[in-house]
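Visitor: All chains should be modelled from the sequences, with the hints used to inform the complete structure.
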Amino acid sequence: MQQFENGKISNWIFDLDNTLYPAECNLFAQIDQRMGDYISRMLDVDLVEARRVQKDYYYRFGTTLNGLMQVHKLDPHDYLDFVHDIDHSVLPHSPLLREEIAKLEGRKFIFTNGSTRHGEQVAERLGLLDLFDGIFDIAAADFTPKPNDQAYERFLKRHDVAPEEAAMFEDLHPNLKVPHARGMTTVLVNSSYEDHPAQKEKQGWAKLPDYVHFETDDLTGFLTDVNKLQAPKD
Numbered sequence: 001m002q003q004f005e006n007g008k009i010s011n012w013i014f015d016l017d018n019t020l021y022p023a024e025c026n027l028f029a030q031i032d033q034r035m036g037d038y039i040s041r042m043l044d045v046d047l048v049e050a051r052r053v054q055k056d057y058y059y060r061f062g063t064t065l066n067g068l069m070q071v072h073k074l075d076p077h078d079y080l081d082f083v084h085d086i087d088h089s090v091l092p093h094s095p096l097l098r099e100e101i102a103k104l105e106g107r108k109f110i111f112t113n114g115s116t117r118h119g120e121q122v123a124e125r126l127g128l129l130d131l132f133d134g135i136f137d138i139a140a141a142d143f144t145p146k147p148n149d150q151a152y153e154r155f156l157k158r159h160d161v162a163p164e165e166a167a168m169f170e171d172l173h174p175n176l177k178v179p180h181a182r183g184m185t186t187v188l189v190n191s192s193y194e195d196h197p198a199q200k201e202k203q204g205w206a207k208l209p210d211y212v213h214f215e216t217d218d219l220t221g222f223l224t225d226v227n228k229l230q231a232p233k234d
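Heads up, the sequence shown is in our numbering, so the first residue is 1 and it goes up one at a time.
FYI, nobody ran anything at the bench for these hints, they're computed from the structure. It is possible that some hints are incorrect.
Unchecked claim - Each computed SDA-like pair below joins lysine to any residue, with the alpha-carbon atoms no more than 20 angstroms apart:
id, residue 1, residue 2
1, K177, K200
2, K55, A29
3, K207, A231
4, K108, Q3
5, K73, A139
6, K103, T116
7, K200, R182
8, K228, R98
9, K8, E24
10, K103, L129
Nothing here was measured: the structure is a model prediction, and the numbers come from that model.
Guide: Okay, here's the thing in structure tokens:
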């Protein structure tokens, strides 16, 4: 883990859903249901067809929202408000995760394909919100989602981040390809929410691809190890 030694990393970038909280909370399942409801109402189709459209756009365009914008010229703001109107009480307070994120030297960011409001609500519920220097959401990315290179370019410029001084934490491995190519340290946070073909593809890996430097089932434990490496040596 030499990438984390000697203060080489000074920018810590975290995906939000199923990364900062465990997928077992089923929070994203609520969002998933709300997306289907919205599409059913918008296109006047039943929920089965709405779900087919939802997943088709998700896989082809990176996010369902991106597909709806490109195919149907959707105004994204009403959609984002609707799909993120969910019950956040299922999220646990995370004092141990808070302790480890607080110890990290440098700036901390949330980088999400969701909305700032959703990011704030999730981070507040987890007890982490005040630790972050910013939330870079889909609107800040001009509605271009990860894994598109333009999204990362806009993030790096907005926050003046040098990629070689940054670490990216993600639950979807395709979202780590551009960060790796740009020089970031990449960490795959494994998730039990396997709704994307990329997550099922991972089951067949014999080894990590070159764009994934580290893999963990436990974000808190991983950050504990990172902080031990960064601690001053006696």
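Visitor: Determine for every hint whether it applies to the structure shown.
Guide: Verification of the supplied hints:
Using a Cα cut-off of 20 angstroms, the hinted pair K177 and K200 holds, with the two alpha carbons roughly 17 angstroms apart. Proposed proximity of K55 and A29 is supported: the alpha carbons are some 13 angstroms apart, at most 20 angstroms. Only pairs whose Cα atoms come within 20 angstroms are accepted, and K207 paired with A231 is rejected, the gap being roughly 30 angstroms. Proposed proximity of K108 and Q3 is supported: the alpha carbons are some 17 angstroms apart, at most 20 angstroms.
Distance hint between K73 and A139 is fulfilled; the C-alpha atoms sit about 15 angstroms from each other, no more than 20 angstroms. The suggested pairing of K103 with T116 is violated, with an alpha-carbon distance near 24 angstroms, which exceeds 20 angstroms. Only pairs whose Cα atoms come within 20 angstroms are accepted, and K200 paired with R182 is rejected, the gap being roughly 26 angstroms. The hinted pair formed by K228 and R98 meets the criterion: a straight-line CA distance of about 16 angstroms does not exceed 20 angstroms.
Our distance criterion of 20 angstroms between C-alpha atoms is broken by K8 and E24, whose separation comes to about 33 angstroms. As the CA atoms of K103 and L129 are separated by approximately 15 angstroms, the hinted pair is consistent with the 20 angstroms bound.
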